[in-house]
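Sequence order for the protein chains is A and B. So for the first sequence, our numbering puts the first residue at 4; every next one is plus one. So for the second sequence, our numbering puts the first residue at 157; every next one is plus one.
Heads up, a few of these hints could be off.
What the hints assert, rightly or not - To give an idea of the interface, some chain B residues facing chain A are shown, with a C-beta separation under 7 Å as derived from the structure:
no. : residue
1   : His-256
2   : Pro-257
3   : Val-259
4   : Arg-260
5   : Val-261
6   : Arg-262
7   : Ser-263
8   : Arg-264
9   : Arg-265
10  : Leu-281
11  : Ser-302
12  : Met-305
13  : Val-309
14  : Asp-310
15  : Pro-312
16  : Pro-313
Keep in mind the hints are simulated off the structure, nothing from the lab. Quick reminder that beta carbons are idealized off the backbone N, C-alpha and C, glycines included.
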Amino acid sequence: MKIPAPVVRLIATLLLACCASIPAFGQNPRLQIKNLDKLSKKASEVVDVTLDESMLKLASKFMAEDKDEDDAEAREIVKDLKGVYVKSFEFEKEGEYSEEDVEAIRSQLAAPGWTRVVGVRSKHDGDNAEVYLMTDSNTRNILGLAIIAADPENLTVVNLVGPIDIEKLSALEGKMGIPRMGLDKEKGKPSQKQAASHDEKK
Amino acid sequence: MTRRNRVRLHILALSGLLLAPAAGRAGDREFHAIVERIQAHYQKRPMRFMGLASFVANRVRPEGVRNIKLAVFEHLDSSRHPADPDFDAFMQEIVGPEFHPFVRVRSRRDGEQTFVYARGLGRDLELLVVTLEQDEACVVKMHVDSEGMRQWVDDPPAMSRKTPASHGGGR
Chain A
4 MKIPAPVVRL IATLLLACCA SIPAFGQNPR LQIKNLDKLS KKASEVVDVT
54 LDESMLKLAS KFMAEDKDED DAEAREIVKD LKGVYVKSFE FEKEGEYSEE
104 DVEAIRSQLA APGWTRVVGV RSKHDGDNAE VYLMTDSNTR NILGLAIIAA
154 DPENLTVVNL VGPIDIEKLS ALEGKMGIPR MGLDKEKGKP SQKQAASHDE
204 KK
Chain B
157 MTRRNRVRLH ILALSGLLLA PAAGRAGDRE FHAIVERIQA HYQKRPMRFM
207 GLASFVANRV RPEGVRNIKL AVFEHLDSSR HPADPDFDAF MQEIVGPEFH
257 PFVRVRSRRD GEQTFVYARG LGRDLELLVV TLEQDEACVV KMHVDSEGMR
307 QWVDDPPAMS RKTPASHGGG R
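Model the full structure from these sequences, guided by the hints.
Below is the structure:
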């Protein structure tokens with residue numbers, strides 16, 4: 004049986020459209036942060052915040068009813084997100100987590116598509132803040148974001164899945180368990196004050 | 157008003173106070189199912205007069221929160237606590253698939269674990285907060301509106317610590 008040419012063209016077009024709308028192969032903005040669970044035994048406090056797509060839909064619906072102008076940017080970000088995952092550890096003393104523990108997350112962020120956009124490390128107090136973005140290799144759309152915020156007694160990993168405007172990221176600081184990192188409201192980068200107080204290592 | 161009528165009125169008011177939580181039970185099958193599951197697991201009954209405690213909690217509730225239900229378990233056998241890796245599965249099995257895990261706070265300092273699950277319920281968000289301590293457990297179910305939801309989204313860990321469950325059922 005011969006399939007008519009217009010039907011073949013239609014199928015080909017549909018397939019192309021489908022392929023274009025999904026991220027390139029291997030690009031998954033969802034981090035595996037379960038491997039940090041082993042730190043739970045050492046941590047004095049562990050906080051897990053999970054907002055999956057259905058919860059975020061609910062949240063954005065509720066937030067839409069909130070007319071507070073200050074939350075307008077946060078509402079804008081949340082409505083497009085597909086997941087917010089935050090894991091935070093607080094330790095009683097230094098040295099309870101190792102660089103290898105953090106490297107388990109960083110190694111995932113070395114995968115294609117991820118780019119580090121902010122990296123601040125302080126030699127003085129050991130504070131460390133890194134922000135990574137995953138972009139679609141074809142469309143350059145942002146697919147997700149990861150934050151590693153660490154100091155000697157605290158470790159927080161944030162994973163936002165879905166399109167996000169990096170310039171509005173500061174609006175989410177302090178919300179949904181996301182730590183405050185002093186990101187510049189305008190550019191989603193560390194503020195001048197913070198940048199000045201830290202020594203750039205990389 | 158005669159003295160006899162005043163006494164009748166007081167009895168009527170007191171009956172209303174005690175029966176009001178029972179009247180609201182019809183729509184709380186899940187809450188009672190969870191309480192029963194915990195009861196069966198630990199072989200312990202919740203504290204008595206929880207209906208009255210729920211009634212009081214609903215009178216002093218924070219903004220954006222309503223329909224609070226409480227159940228507190230005391231003197232639990234800590235050896236029956238599921239092992240750490242099984243806790244999430246244990247809790248998810250208890251609350252059922254309709255509830256989404258939202259916040260989990262585990263504090264080694266005070267040996268407390270708080271699990272918050274959520275589901276959409278019309279214009280409200282229904283939250284189920286389960287707190288497990290060494291020998292106590294508390295289950296709180298509540299409805300939050302947009303204001304309540306905003307507070308929860310703003311700072312989920314802080315809000316989970318503010319619930320009656322995190323304060324031993326508000327005792």
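Now for the hints, and whether the structure bears them out:
1. His-256: Because about 5 Å separates B/His-256 from the closest Cβ in chain A, which is inside the 7 Å limit, the hint holds.
2. Pro-257: holds, 5 Å
3. Val-259: holds, 5 Å
4. Arg-260: holds, 4 Å
5. Val-261: holds, 5 Å
6. Arg-262: B/Arg-262 check passes; min Cβ-Cβ to chain A is 4 Å, inside 7 Å.
7. Ser-263: holds, 5 Å
8. Arg-264: holds, 5 Å
9. Arg-265: Holds, about 5 Å.
10. Leu-281: For B/Leu-281, the interface hint holds, since the closest Cβ of chain A sits about 6 Å away, which is under 7 Å.
11. Ser-302: Hint on B/Ser-302: holds, closest Cβ of chain A at ~4 Å, below 7 Å.
12. Met-305: Hint on B/Met-305: holds, closest Cβ of chain A at ~4 Å, below 7 Å.
13. Val-309: holds, 5 Å
14. Asp-310: Holds: closest Cβ of chain A sits about 5 Å from B/Asp-310, inside 7 Å.
15. Pro-312: holds, 5 Å
16. Pro-313: holds, 5 Å
Violated hints are absent here; each numbered hint is respected by the structure.
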